[in-house]
Structure formats: structure tokens, C-alpha cells
Amino acid sequence: MNPDDLLVLPGNWNFDYRYFAGATASRFFAELRDNRRIMGRRCPSCRRLLIPARSYCDACYVETGDWEEAGLEGTVEAFAIIATQFPGLPEPPLVIGFVTLDGADSAILNFVRGVDLSDVEAAGRRLFEQTRVRVVFAGDPQGRITDFHFVPVNQRTS
Amino acid sequence: MSDPLGIIGVGQTPYRKRNPGLSAGELVRIAVTEALADAGVGPDAIDCVIGGVAPDALSGIADIDKAAIALPGKPYFRINTGGATGSSALLAAKTWIEAGRGDVVLVVALERMGQATTAQSIFNTIFDPVYEKDFVLTTITMAALRATMLMRRDGFAGEHWAGIAARNFTQATLNPLVVGAKARSVQDVLDSPVLAWPIRRYEACPISEGACAVIVARGELARSRSTAWIRGTGAYSDTYAMGDRMRRPEGSLIEMVPLRRAADRAYREAGITDPLAQVDVLELQAPFAIIEAMAYPALGLSDIDGNRRFVEDVIAGRVPIAINPSGGAQAANPVSATALIRVAEAALQVRGRAGARQVPDARLALATGQGGATQFSTVVLLGSELP
Amino acid sequence: MVLKQWVSVDGVAARMTRSDARLSLPEVIFAVVSEALADARCTMDDIDGIVIAAHDLIDGRSLSSMITGPAAGAYLRDEIRVSEDGLVAISLAAARIQAGEAARVVVAAWGRPGEGDVERSSRAAFDPFTEQPLALSETVVSALRAAAYLREHSARGREAAAAARQERAAANPRRAPAAGARPPVYPLRPEEMGVPADVAAAVVLGTGAGPRITGVGHGTEPARLGERTLAALPGARAAVAAALARSGLRAHQLDLVELGGPTLFDEVLQLEAAGLAEPGTGLAGYAAGTWVNPSGGAAAGDCHPCGGLLRFVEAVRRRPGKALVVAGSAVASQTTTAVIIEEP
Ligand SMILES: [Zn+2]
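Heads up: the protein sequence lines correspond to chains A, B and C, in order.
Under this note's numbering, the letters of the first sequence match residues 1 to 158, in that order.
Under this note's numbering, the letters of the second sequence match residues 159 to 545, in that order.
Under this note's numbering, the letters of the third sequence match residues 546 to 889, in that order.
Derived by calculation from the structure, the hints in this document are not laboratory data.
One or more of the hints may lead you astray.
[Claimed, not checked] Covered by chain C, per the in silico footprint, the following chain B stretches (three or more residues, Cβ under 8 Å):
1. 170-177
2. 257-266
3. 273-284
4. 313-326
5. 394-408
6. 411-424
7. 522-533
Ideal Cβ placement from N, Cα and C applies to all residues, glycine included.
Taking the hints into account, I'd like the entire structure generated from these sequences.
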């Protein structure tokens with residue numbers, strides 16, 4: 001090493017956590033895993049059915065009330081097609097979308113699979129036309145948000 | 159306001175990808191020394207120092223500000239509101255002075271993200287770990303989600319984002335602080351690789367490091383100098399849940415409700431009724447072209463339903479307002495400092511000290527700050543004349 | 546400097562739990578802020594400002610307030626966050642009211658070691674070139690302070706102070722659920738350590754009839770430990786002196802003091818910095834002064850960056866005549882905040 005060399009010290013930033021999902025989210029995940037249902041809780045004030053389930057509505061600043069089931073089809077509100085690999089993140093291409101399930105008043109984020117991504121530009125245009133999607137549950141549920149994904153309606157499960 | 163406040167000094171480092179030859183403290187020192195000289199005061203004049211650093215993970219050091227920014231013997235604290243950190247820190251300085259805690263506050267924001275080797279994977283860890291982090295949410299995909307909403311709603315196309323981006327990058331060539339600035343054409347942007355459709359590489363901000371320092375003062379000190387007077391301010395936060403904002407009556411995700419409310423408040427304070435006619439310069443904290451497009455109607459410059467047309471007018475240079483003469487956050491976006499840089503650039507404009515990027519006769523300039531999931535918004539209006 | 550506007554403490558709430566998996570972090574915050582609002586007999590509709598103190602690394606969310614802020618009321622309201630001890634948030638929130646920017650402000654802070662080890666993450670705050678290789682952490686710095694104090698002064702009163710601190714914590718009905726103290730680093734002893742707990746605290750400030758904040762002060766020391774006097778806290782001294790000067794009080798007029806430091810020795814150094822004990826007599830003063838940390842301080846439960854707000858809530862709940870709250874902030878008490886609370 002020359003005296004003029006600049007020291008660039010390798011480091012890392014790995015800290016383990018255990019996130020407490022809380023009772024409400026835990027029940028949401030149990031319903032997903034055990035009953036293949038996507039559940040939300042309705043706000044007694046604004047009457048919105050919040051999906052995924054939250055124990056309070058931050059808009060009204062009150063606790064949410066009854067549990068209700070959302071439909072298993074819905075409408076894509078917003079999507080993105082991940083096309084470039086970034087270090088430490090999953091391998092593209094991947095489509096993510098916020099979907100308002102029928103009967104819900106808020107959108108839930110998940111992967112949209114079963115979209116032909118050989119031409120990303122064309123896939124994007126198609127998703128503007130084809131906004132209806134349905135839920136497909138994983139064969140081996142883990143009680144995680146990845147226990148389901150969306151596919152465009154009228155397409156076979158991929 | 160009985161005793162108006164203003165910005166009496168500004169200092170900035172050049173903004174570049176990384177600075178292996180300078181420590182974080184040395185970067186801060188460059189900006190602070192310049193700001194003190196610009197204000198014509200010594201460190202003794204400073205009553206309080208407010209630091210701004212956003213995610214600690216970007217530098218890989220927790221509380222990096224303590225060694226790099228805090229000055230022994232002076233009250234010090236750190237603000238952290240993500241991308242809005244710098245402007246939030248400026249607003250805290252205003253609060254401090256108007257509360258009677260002091261007359262002169264030094265605001266310093268520092269970004270050291272050149273030390274991050276996996277910036278996008280760090281940005282993934284800002285999202286909700288229980289329901290959403292699994293879905294590759296990053297600052298880029300967050301912008302892409304909004305872009306697809308706007309494209310479907312208003313018929314925006316890639317050319318619009320590219321037009322805004324090309325304009326910002328090209329304007330940055332007049333700003334010597336943007337190291338490596340390159341003029342880019344719409345075609346250059348459209349030809350750049352897709353990061354997350356519809357966002358292309360040149361619609362996204364680069365990685366930037368740097369420090370920015372601003373001195374806020376009131377009273378005789380401010381009146382005796384070339385001062386950018388604070389004419390109006392606003393700050394609002396919003397829910398994290400993007401899914402809750404899709405069909406919200408108060409305004410959807412693409413309406414930037416907190417920014418609109420912040421702007422309305424600032425305009426009210428400054429007596430602005432027609433911002434497009436009355437404001438001369440905009441410095442927008444918009445690290446993506448799409449975020450800039452969303453900001454126009456939120457700032458009252460266009461009607462949301464006519465915004466595509468307004469964007470086309472902006473790209474064609476047909477609007478009577480200078481937008482991002484510095485190149486904006488798109489050309490250099492040191493996350494922790496970027497919103498303070500917008501304020502600093504607005505101050506330089508109304509003080510007539512912006513060099514090659516000076517807008518002629520700039521008397522009123524507006525700077526925005528934007529952080530979180532388009533969630534923390536600030537607006538600062540600076541004027542060349544006393545309120 | 547004359548305060549432009551009285552600032553009152555309208556409501557307080559705090560919670561200490563240990564790895565209670567029934568509530569997520571945002572849910573804990575929502576619960577505690579809701580309690581503080583109820584204590585202030587108001588709702589979130591009455592609130593026009595939010596100031597929070599939270600740390601990304603402790604929360605395990607790299608921009609914590611994105612997710613946690615709305616749980617504290619940051620929904621289409623003016624909200625700002627400090628990455629500092631919660632007492633800094635009290636100071637800034639009070640300034641917002643004094644400046645006329647807000648009429649009623651929620652202040653909230655939290656820390657949840659149940660989700661991630663705070664001692665470990667504190668190591669990331671030290672200089673990677675000169676300090677991290679030497680395994681510095683907040684506890685190691687407290688041990689260095691204890692050693693410096695014992696060398697410069699004496700251990701007289703040490704056992705009595707530790708015992709008094711434990712008794713006060715044991716008598717505090719709001720103390721953290723029984724759990725081990727943080728493992729000590731020599732020369733610190735287990736009974737001199739803080740008890741890590743999942744903590745959240747919230748305060749509603751306004752201009753009502755409650756106890757008033759009559760003085761606030763801040764002090765800052767150099768960052769490098771080699772440039773600091775480890776056996777004293779000049780930053781805390783400056784903070785308390787400024788707060789007392791603002792309130793027009795003298796130290797001997799105080800009825801109660803709540804000190805927010807991670808160990809007994811940090812608390813004792815704050816006591817001496819406040820002028821409430823001569824240098825070297827802080828241990829004995831701590832033992833004899835029943836008005837010193839009647840809550841038990843960090844022995845009753847603690848987690849950065851909530852320590853100062855917990856102490857503030859304890860002080861208010863004890864209905865003091867005139868109280869002083871002191872708390873150090875990152876890194877290793879480089880900065881200290883002092884607040885004076887007085888019954889009207
Ligand atoms: Zn509601």
C-alpha cells in the first residue's frame with residue numbers, strides 16, 4: 001500500500017430483528033394459511049374495509065372493528081415491472097401490483113404472475129387493458145404474505 | 159410576522175458519487191465554512207445547529223451526524239424525515255427562532271451514501287416488513303407504481319417522463335456543483351435500460367454524496383445582508399399505506415395530498431393566489447421525472463385533469479416559470495441533503511447569486527421537500543423582498 | 546429570554562412491556578398515543594402537530610417514521626421527527642407552541658429491544674476506523690465513565706446508591722416486567738445497569754391548565770471520547786444551567802429530578818452536572834435524596850431513544866412542584882437535554 005492510497009474499509013450492516021406482526025396481522029396470516037381467505041377489518045368511522053387487516057385506521061385514528069372477507073378477484077390500481085437486477089434483491093423480471101379486491105376499500109400489494117414478460121413494453125401496455133386479476137393461493141402455505149399471488153383473470157394458473 | 163426570518167448564508171459541496179478522499183466531517187466543513195463566509199458571520203454567531211441525516215443505513219454508520227455536524231457548546235439535534243430531511247431541518251430552525259430560542263441557526267444536511275454498496279436493497283428495508291417488504295419495493299418501484307397510475311389515468315407516455323428528465327439533466331450542465339453533469343436528449347433517456355417499467359435508468363436520480371449548509375437568521379443580522387426572506391412554509395405528513403390511497407376521497411396516491419396542503423398553506427402565508435404567474439423559480443425535490451409531473455398540480459400550477467398538457471408545455475419551454483435551474487434532484491440527489499439543497503438553490507436565486515444558472519429577475523422561489531412513500535412534504539417560499 | 550407562550554403538559558402515557566407479540570410496533574404506538582390523548586381529554590382531531598423521536602436502527606425499519614409516524618397521528622398533519630432522545634422531541638414540540646405554529650402537539654417516542662438488540666446496534670454509531678475495532682458500545686462507554694469516576698473520586702456511597710435505585714424501581718408500579726438487567730461491563734455491577742424493556746411514551750403539550758414547561762436547555766460535547774471528560778458531563782451541565790436560567794429557578798428550589806442515563810453512574814454524573822451534588826458526592830447524594838429518580842430511573846426500564854420521555858412522564862405523574870428532567874442522547878450522551886416542569 002502506498003502512503004497516498006486512500007483507505008476504503010469493508011464493512012457490513014447486518015442486524016437481526018424479529019418483527020412482531022401483532023394479533024391482527026397474525027390472524028390475517030392464519031386466515032390466509034388455514035382458510036385461504038383474505039381478511040380485513042372495517043373502520044367504524046370511515047366504514048372502509050382495510051385490506052390487509054389493520055387494528056386501527058390511521059385516517060380516523062380509531063381502532064378498527066369487524067373482520068370481513070374480501071373477494072378473490074380484484075382490480076389492479078398500480079403496477080411495476082421490475083426489469084433490472086439490484087444487489088440483494090430478487091431476480092427479475094417480476095410484476096408487482098396494488099390490487100383492490102372486490103368488496104375492499106384499500107389495495108393490497110403482491111406479485112402478479114402469469115404475465116408474458118418476453119417484451120416488457122408490450123406487457124406493460126397489456127396490463128393497462130387487462131386490469132382484472134384473481135388470487136391464486138400457494139400449494140404450501142407458510143402463513144406469510146407470499147402465500148398468494150395474482151394472475152390475470154381468464155388465464156390459467158402459472 | 160413581526161420580525162421576519164431569512165436565509166443569510168448558503169454553502170454546498172460539489173455533489174458526486176463518492177468522496178473517498180474526504181471524511182464525512184470534512185464534507186460538512188466545506189459546506190459550513192462557505193455558508194459562514196457567505197453570511198459574513200463567524201461560528202460564534204450561531205445559536206443552534208440542526209443536523210439532517212436520513213437513513214443511517216446509507217452511510218453504514220449510525221448517527222454519523224454526531225461526529226460530523228454537531229458543534230460542541232451549541233444546542234444540537236438531528237432531524238430525519240427521509241427525503242424531506244433537509245427542508246424539515248430548515249423548518250425546525252424557523253420554529254426554533256420564532257420560539258425565541260435563538261436568533262441564528264445553522265442547518266446542515268449530510269449524505270454519505272457513496273459508502274453503500276447495495277443502495278436499492280437498503281431502500282427495500284424502509285418498507286413495512288410484515289405486509290410489503292417481500293415485493294421488491296424500492297424507491298424505483300415506488301415511482302414506477304405511480305407512473306403506471308398516471309399513464310392509465312391521463313395517457314402519459316414514456317416520452318413525457320423522458321422529456322422532463324432530459325430537461326433536468328441538460329440544465330444541470332450549468333450547475334458546477336453537479337459533478338459529471340451530462341446533457342441528455344429525450345432519445346437518450348428512452349434508450350436507457352428499463353429499471354422497473356415504465357421507469358428507465360435516466361429517469362432516476364444517480365447516487366450522490368455531499369453536504370449542504372444554510373444559515374437562518376432574523377433581526378438586524380438578516381436586514382443588513384443579502385437575505386432570502388422566508389415568505390411562507392408548509393409541512394404535512396400522510397399515511398404510509400399506499401394501498402389506502404388508491405381511491406381516497408381526500409385525494410389519491412398520485413395527487414400528493416400532503417404536498418398540496420403544504421403548498422396551500424405556504425401560498426396563504428405569502429399571499430400567493432396565482433402561483434404560476436407569481437412564483438419565478440421552482441426547485442423540486444423530485445428524484446424521478448414522474449414525481450415532478452405529479453408535483454405540478456399539487457403546487458397549483460396546473461389542473462390535475464389538464465396536467466398532461468401542462469407537462470408538454472414544460473417540456474416545450476412554454477411555461478412562465480423556471481423549473482429546476484440547478485438540474486434538480488434528478489441530476490443530484492444526496493438523499494439526506496437534497497431537500498435542503500432545493501432551499502439553498504432557491505435562496506441563491508432570489509439573492510441573485512446562482513451564477514450561470516441564475517434566473518433573471520428571480521424574486522420569488524419555491525422549494526419542495528419530499529420523503530417516505532410520497533408521504534412527507536414540505537414547501538418553502540423564499541423572496542428577495544421583506545414580507 | 547422570555548417565553549412567548551406558556552406550554553402546558555395536558556396528557557401523558559407510557560407503556561413498558563417485554564416482547565409482547567400481541568402488538569406490532571405501530572400498534573404499540575397507536576395504543577400509547579391514544580392513552581395520552583385520553584389523559585388530555587382530547588382526540589386526534591384536536592391535534593395540529595406531531596413531534597416524534599425514533600431511531601431507524603432500533604426500529605429495524607430504515608426510515609422508521611414512514612411506518613410508525615402515522616401510528617402517532619402523522620396523517621395529514623404537520624409532523625416532524627428527531628433521531629434523538631425523546632426529551633429533544635419535547636423541546637421541539639414546546640418550541641412549536643411557543644412559535645405559534647401549533648396549539649396542541651403530540652410527542653411520542655419508543656424503543657423495542659424485544660425486536661432487535663439495542664446494545665448491538667449502538668456499536669454501529671461509533672467511528673468505523675478508530676472506535677468500532679475496539680468494540681465500543683453504549684455500555685462500554687458507561688463502564689469507562691464509571692471507571693473514570695471511581696478513579697477521580699471514590700466509591701463512597703456506591704452500594705447505598707445502587708440499593709436505593711433498586712428500591713425505588715421496585716416501588717414503581719409502572720416498572721418494566723421482571724427481567725434481567727443488561728449484562729454489565731467492568732467495573733459496572735448488575736444492580737447499577739438499566740433494565741432493557743419495550744417502551745413507548747407519549748405526551749400531549751398545549752396551552753392548558755396542566756403543569757407547565759418553564760425552561761428547556763441543550764448541551765453538546767465533542768464527539769470523540771478522547772476529547773471528553775469522562776468523569777463529568779459538561780454537556781449536561783450546560784443544558785441544566787440553560788433550562789434553570791430560562792425558568793428563573795435555582796437548583797436547590799427543585800422538588801424532584803428525573804435523570805435519564807443508561808446506568809447508575811450516568812445518572813450520578815447528571816446529578817452532579819445539575820449542581821444537585823458536589824463532584825464526587827453524587828453516589829451518596831443519590832442514595833440519600835429520595836427526590837432523585839423516584840421512578841428508579843433506568844432500573845425501572847429503559848430503551849434509547851425513549852428514556853428521556855419516560856422520565857418526563859414519570860416526573861409529570863408525580864405531580865411535582867418544581868421538577869427537572871435530564872436525558873442524554875446519542876452517541877454516549879454527546880448531547881443532553883434538560884427540561885423544567887412546574888405546577889402552575
Ligand atoms: Zn377510518
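Outcome of the hint check:
no.	hint	verdict
1	170-177	violated (count 0)
2	257-266	holds (count 3)
3	273-284	holds (count 4)
4	313-326	violated (count 0)
5	394-408	holds (count 7)
6	411-424	holds (count 3)
7	522-533	holds (count 4)
Consistency note: the structure conflicts with the earlier hints numbered 1 and 4.
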